[in-house]
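Chemist: So the chains spell out like this:
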Amino acid sequence: MQALHRVLHVEDDPSIQEVARIALEVVGGMQVASCDNGQAALGKAAEWQPDLILLDVMMPGIDGPTTLARLREQETTREIPVIFMTAKVQANEIEHYRSIGGLDVVIKPFDPMTLASQLREIWERMDER
Amino acid sequence: MKVLRLPLLLIFLGSLLLALFFGWMLVQALHNDREAFRRDLAFQSKEQGITVSAARAGLERRVQVLANTLAADPVIRNLLLQAAREMPTSPARNAMLRDRLRANLQPYWEALRESGALELNLFLPDANDIDPLVSMDPPDTHEQHTGDSDYLLSRAQHLRTVVFGIEFDGQRATTGGVAPVLHPDEGRDGSLVGLLEVEFGVVPNVEALSHQLESGVAILLRAGGDDATPRWRVSESSAGPIAQWLDQQQAPRVATQSAWRVVKGDDGHGYLLTLVPLSQAGDVMQRPVTAVAIWKDISLQLKQRDELVMATWLRWGLAWLIAEACLLLLLWGTRRVTRETMLAHQQRLERQKRSLVGLNQSLEAQKEALQTLNDIAALQETSFPLLVERALQAGAAHLDMPYAIANRIDGEEYIIQAAYSPDGRFVRGQTLKTSDTFCSAVVARSDVVAFTDADTQGWSDHRCRLLFGLKSYIGAPIWVHGQRFGALSFSSEQIRGRPFDEADREFVRLLARWVGATLMRWQEVEARDEMAGRLAKIASQTPGMIYQYRVDNAGNGTFPYASEAIRTFYGISPEQAAQDASMVIEAIVEEDRGKVIESIRESRENLTPWHCEYRIQHPDGHVLWLAGQSIPEREPDGATLWHGFVHDVTERKRSERLKTEFISTVSHELRTPLTSISGSLGLIQGGALGTPPESMRAMLSVAHSNAQRLIMLINDLLDMEKLVAGKMTFQMQEQPLMPLIDQAIEANQAYADQFRVHYVITERLDEAEVNVDAMRLQQVLSNLLSNAAKFSPPDMQVEVRVEAIGERLRVSVIDHGPGIPEAFHERIFQKFSQADGSSTRKQGGTGLGLAITRELVERMRGSISFFSEEGQGACFFFELPRLVRPDAAERAALTERLAGQAEEAGVAPGARLLIVEDDPDTALLLAILIRRWGYQAEVAHTLEEALGWIERRSFDAITLDLMLPDGSGLTLLRQLREQPETRDLPVLVVSAIAEEGQLEIGGQLNAVDWLAKPFDERRLAHALKGSLNGRPQRERIMHVESDVELTRRVAGQVAASMTLDVARSVAEARYLLDSNDYGLISLDLTAPQGPGWEIIPLLSQLPRHPAVIILSEQALAPTLLGRVDTAIARPGLSAEELREAFDRQLHGRRCDDDKDTQGDS
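Protein chains in written order, with the working numbering: chain A, 1 to 129; chain B, 1 to 1161.
Among the hints, erroneous ones may be present.
What the hints assert, rightly or not - List time: in silico SDA-like cross-link candidates among lysine to any residue, alpha-carbon distance up to 20 Å:
1) Lys722(B) with Ala91(A)
2) Lys653(B) with Met728(B)
3) Lys659(B) with Lys44(A)
4) Lys659(B) with Val105(A)
5) Lys722(B) with Glu95(A)
6) Lys44(A) with Pro65(A)
7) Lys727(B) with Pro65(A)
As the list claims (entries may be wrong) - Chain A regions said to be covered by chain B (calculated; three or more residues, Cβ under 8 Å):
8) 16 to 22
9) 90 to 103
10) 109 to 119
To be clear, the hints were calculated from the coordinates, so they are not data collected in a lab. Note that the structure is a prediction, hence the values are computed from the model and not measured. All residues carry an ideal CB built from backbone N, CA and C; glycine is no exception.
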């Protein structure tokens, strides 16, 4: 499998969107597309076919888990791995996101300098599996 | 009738018997008299016979002598010889001879005649009697003789001797004697020449004999009749009526013997008439031919006899009469006594009957009284006043008195409590003066007072008589709670028809007692009602429901009491709940119901307080959260009764949920902006956006680190919240410790780099394994490491040391910072505590780190502590239970060795284990494993079985399943820990819900290990081995030392056999002494400023006095230092010597302890 390159970041907070974009693009050298809601993400994902979707949980409109479910429903986006990004850090919450199909969970606040490597690590771990 | 007839019959029978008896005695007496008289007469008769016989014998002798004498006369003999020779030839000569003979005989004859001879005859031989040669008969009787002597003649001729006997010729009876006259010249054997016969009468002389015998005598001759009954005629007689008797045939009958008879004479005299019969000589038949009759006058004797008979009759008659009299007297006496007794009886019966009648009457009266009282007792009234009034009415009717009053008397105050009067004269609540009433007398006497007529019975002047006009009265005191309360009285204006008897008094007394009891009850009920009202008011104001819950032996639950809130919660009334609790149980939502039932069951079985939070479906549809708590108690019948309350915690639950949500949300909401802030700053700091200007860099750094601190604070707050709420879960796993430490150091190095601090692991223990949650341990290490780094001066190193302290692993993080001020030691693990505010800012940190760290360590069954002195740096260390894991080869060898031992012994050697496990397959598997490892194993499938085993046997360890058919294993665990014998018994919980159990039990129990199912064989083996090796407790040693090198040597020597704690400062030593009990303390006194010196004063304050060893430069005298057991000079000390000293001290100690123990026992 190829290296992780294209990441779709779905995040309603533009500041975080920006920080994450820089962290991935500048620090991690990845190609990043951003959406500020789940609905948009569905279209973008289908259209752009990213390697990975970094999905915020709490969003206006359809939230992260719902978006994931919708992605799984679409033929074109079914196979795209999703990593949740959330400020909900309680163990049961994290477990919950894993259980509904998230590849892993990245906790907010994240370290922008290591975010890319964190994603790559998860990506590779998935690869190994 | 019977009574009457019996004596008559007795009299008759007794008299008859007496008559018979005395009659018989009389007959006997008469018979005896008669016999005596007869014998007397017979004797007299015999005497007479003897006299006659004697006379006859004399006569016969004379005859014999006379005949012989005459026959011997020679003249007569010669003459007879001549006569015999010449007789036939010459009759003349004959005549001459006869004359001569006669002449010769004549003198004899004359003499013979004088003496009564009748005949003298001479016969020639062979002549017969009627033809004598010479006969000397007197002339007048000569013709009459009839030759009766033929027999005597022939006999004498034949025998040639003299013969004699009776001769009877039909006319005359004589006594004859015939003598032979022999030849005068020829002697005795000469020839017979003639015979001489002499005859006399039968007796010599009748008159003489009569005279001699003083009786009449007669010679009787036979006059015919046969031989048995001969007839007699009198031949010769003395005077007397013999002939008359013979005529009248009164003569006794005689045959051969004499006989007698009493006959009566004409003169009226009685005579004893004896007949002595005589037979003819030569008559062999002895036929009587003649008899001698003798009669003697026995009139006197007869008279005497008659008198005797009379006397006998009189005597016995008299005796009979006396006896009869006695009998009658006896009967009379008996009858009299009987009659008297009967009379007495009758009188007594009469009396009894009378008293019975009296008793019956009084019983009737009492019965009536009781009936009334019974009716009163059965009265049903809703209120006490009415009840008492009705009772009074009934009492008044019973006593036939119109007024009835029950009052309360207090001094002069008289208050009517209840009254009955047809005219309403007395009513409840009315007050009177006590002295105006007869009741004052009742009060004075404290007993019943009764009279039927006041005027005649001394009450005419009483105020009551005058005021109320009452004439008859009965009253009794009323007692309430042992105090005189008042009086019960019945009164009337009329004189009562019948006087008061004891039954009436008793009735009033009892009724007064009943009234007293009723008043008492009344007061109690009022008090209870008041209490109940108060309770109900309180209960109604209490949030939640107060209740009593009862479960009987059959398991049926009821709510004997439930406050009104039960309606709000469950929609049922307290009365319904008192009947059946099932509606309450059914209201619990299904998911929680099992939990509630189980908690009640456990509380009931173990009598432990019940606590439970659960949800119920309210009748109106919504769900309520309830929290209940109650305390059970066992009732005598085995039922269980809880007292407690249930309250609505829906709000609390909601707020809890809201709080959780709030925290989650707040955390989220804080994190979101922080993400941007710290992200941005991170990017800048990280140089992703180029190098910021130098002037900004410092500020950016401040912003970044504070952003980081904020994140940490939020994280710590969340952690703390979870820990406090008990919601943090631990993923406990067995794993090697060192990799976790390496990882932590690596992860924290970047942070430490900020402070130019380096982490150094000074001691490693690569084989050490622990059972921890890796992530939480990271958090712990991270906390300690970051703290150490933060507080270290730059360019210093933070030492990390991993060492085994007995069964535990100690991880120490040592910094060389400013240390922790003494004043802060106590608060260091508290929340939001930092040594000072300024350092907080300088050093960063949330103030929650150590609090969280301690929580985490303790949740993983570890402990955390520190020691520090200001300016000396600090050492934080935590200890975790060490897992002993032999490597595969070692384990195989062990198994083999144990198996070998087992085979040798034939049984499983070593420790005995109890397996408590309900699943038979699991139990079997456990038993096989455990036995394979060389232990003995017993299996219990239920709690009850397990308790049975523990009671019977001692076990070295227990494996315990938590879910058992008859309860939770935790119950058993708690029980074991409550018993002193099993308090330290190692328990290995092997359960699918081990973690939940662990959470529930908390950290309070020692010697418990937890193992989740499905269990790992290897893990089980270690746990068991660990548990069993833990016993007995190894000796614990504290070594106080500042020199690292020596510490290492001591530890190397003793750690294998003993548990060694090393204290490097006074504070650390103090800390250790506080938390542990040491058998031995060694102090290093080589350095003059070393901590050992300061420990010495502490030693005397310890509860247990440990052995003390000091190590010093010179050999110090132990006494100098107080209580020191051994002083060793340090220079040249070898490891072996050191260990020996330790062993010696410990051993010596133990012996002393043993001795003490023995001494105590």
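Chemist: Using C-beta distances, would you say chain B covers the stretch 90 to 103 of chain A, given that this needs three or more residues below 8 Å?
Modeler: holds (count 3)
Chemist: Decide if the proposed pair is consistent with the structure: Lys722(B) and Ala91(A), CA atoms, cutoff 20 Å inclusive.
Modeler: 10 Å, holds
Chemist: Is it true that the CA of Lys44(A) sits at most 20 Å from the CA of Pro65(A)?
Modeler: 17 Å, holds
Chemist: Does Lys727(B) pair with Pro65(A) here, judged by a C-alpha cut-off of 20 Å?
Modeler: 24 Å, violated
Chemist: Establish whether the coverage given for the stretch 16 to 22 of chain A by chain B is satisfied; the threshold is a Cβ-Cβ distance below 8 Å, and no fewer than three residues must meet it.
Modeler: This one holds; 5 residues, not fewer than the three required, reach chain B with a Cβ under 8 Å.
Chemist: Given the hint that Lys653(B) pairs with Met728(B), does the C-alpha gap stay at or below 20 Å?
Modeler: With Cα atoms ~19 Å apart, Lys653(B) and Met728(B) stay inside 20 Å; holds.
Chemist: In terms of beta carbon proximity below 8 Å, does the stretch 109 to 119 of chain A have 3 or more residues touching chain B?
Modeler: As far as the stretch 109 to 119 of chain A goes, the hint holds, because 5 residues have Cβ atoms under 8 Å from chain B.
Chemist: Is Lys722(B) within 20 Å of Glu95(A), Cα to Cα?
Modeler: Holds. Lys722(B) to Glu95(A) sits at ~16 Å (cutoff 20 Å).
Chemist: For the pair supplied as a hint, Lys659(B) and Val105(A), confirm whether the alpha-carbon distance does not exceed 20 Å.
Modeler: With a Cα-Cα distance of about 24 Å, the restraint between Lys659(B) and Val105(A) is violated, given a limit of 20 Å.
Chemist: Is it true that the CA of Lys659(B) sits at most 20 Å from the CA of Lys44(A)?
Modeler: 37 Å, violated
Checked against the numbered hints above, the structure breaks hints 3, 4 and 7 and satisfies the rest.
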